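Enquirer: Sequence:
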Amino acid sequence: MALTLAIVPAGTSYGAQEYLIDSSHSSVRFSIRHIVSKTTGRFNDFGGSIVYDAENPENSSVKAIIQMASIDTDNARRDGHLKSADFFNIEKYPEMTFMSTDVTAKGAMLMVTGDLTMHGVTKSVVLPLEILGVGIHPMTKAAVAGFQAELVVKRSDYGVNAWTDAAGILGDEVSVTLIIEALASSRE
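Just add 276 to wherever you are in the sequence shown, counting from 1, and you've got the numbering used here.
Worth flagging that the hints you see were computed from the coordinates, not collected in a lab.
If you're wondering where the values come from, they're calculated on a predicted model, not measured in any experiment.
Be careful, since some hints might not be right.
Said to hold, decoys possible - Simulated crosslink set (DMTMM-like; lysine to aspartate or glutamate; CA at most 25 Å straight-line):
1) Lys417 - Glu457
2) Lys382 - Glu294
3) Lys417 - Glu406
4) Lys359 - Asp378
5) Lys368 - Glu457
6) Lys430 - Asp355
7) Lys430 - Glu367
Stated by the list, open to error - Derived DEER-like restraints, expressed as beta-carbon distance ranges:
8) Ser300 - Gly444: 35 to 43 Å
9) Lys399 - Gly444: 24 to 32 Å
10) Thr380 - Ser300: 28 to 36 Å
11) Thr389 - His301: 21 to 29 Å
Glycine included, C-beta positions come from ideal geometry on N, C-alpha and C.
Kindly produce the complete structure, drawing on both the sequences and the hints.
Expert: Okay, structure coming up:
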């Protein structure tokens, strides 16, 4: 129920540049209603690449991938169930992907529209990205950017219908929070 992407914010003067998600300094987390409370989790194996043109954000592109086997709710038994055919069916659908189709600047935000593919279904989603900062990494001397995004994904849109609202066990809407640090793939 999560996805990842990274973009260096508008106003940065690095020109068109490829950036890579630094997964050791990023997170993909989610929460979902469970009966009368909430359950949280994360994905631990994810990555992506971004081509970003600060002067022409509409020419930017994003590719991201999550390995579904990396789902982690701090409960091995529940994680095993989520990996099964009842939910994500990771044997048949081992990855979740995001491919951008449009990027526009909106004030201090970037609106990234793209195709999210999960469980064999592709739907268009829009990610409103809050820019947390941009600069030069003190160790690598490469451009680095940070941002976060929050969105809601309906699992029923992707055919992940087990234990839905109707059964009173799990909600349909999954809240996703992305906190991303991305590094330029090469220095200019």
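Enquirer: Under the criterion that the straight-line Cα-Cα distance not exceed 25 Å, is the pair Lys430, Asp355 satisfied?
Expert: This hinted pair holds, its Cα atoms lying about 19 Å apart.
Enquirer: Could you grab the alpha-carbon distance between Lys430 and Glu367 and see if it respects the 25 Å cut-off?
Expert: holds, 22 Å
Enquirer: Keeping to a limit of 25 Å between CA atoms, is the pair of Lys368 and Glu457 held or broken?
Expert: With Cα atoms ~30 Å apart, Lys368 and Glu457 exceed 25 Å; violated.
Enquirer: Within 35 to 43 Å or not, the Cβ separation of Ser300 and Gly444?
Expert: holds, 39 Å
Enquirer: With 28 to 36 Å as the target window, see if Thr380 and Ser300 comply at their CB atoms.
Expert: holds, 30 Å
Enquirer: Has the given pair, Lys417 with Glu406, been kept, meaning a C-alpha gap of at most 25 Å?
Expert: At roughly 23 Å apart (the allowed maximum being 25 Å), Glu406 and Lys417 satisfy the hint.
Enquirer: So if I understand the rule, the pair passes when the alpha-carbon distance is 25 Å or less; does Lys359 with Asp378 pass?
Expert: violated, 31 Å
Enquirer: Measure nothing beyond the straight line between the CA atoms of Lys417 and Glu457; if it is 25 Å or shorter, mark the hint as holding.
Expert: holds, 14 Å
Enquirer: Is it true that Thr389 and His301 lie within 21 to 29 Å of each other by Cβ?
Expert: Cβ of Thr389 to Cβ of His301: about 26 Å, so the range 21 to 29 Å holds.
Enquirer: Check whether the Cα positions of Lys382 and Glu294 lie no farther apart than 25 Å.
Expert: holds, 22 Å
Enquirer: Does 24 to 32 Å hold as the CB distance between Lys399 and Gly444, or does it fail?
Expert: holds, 26 Å
Consistency with the previously given hints fails for numbers 4, 5, ordered from lowest to highest.
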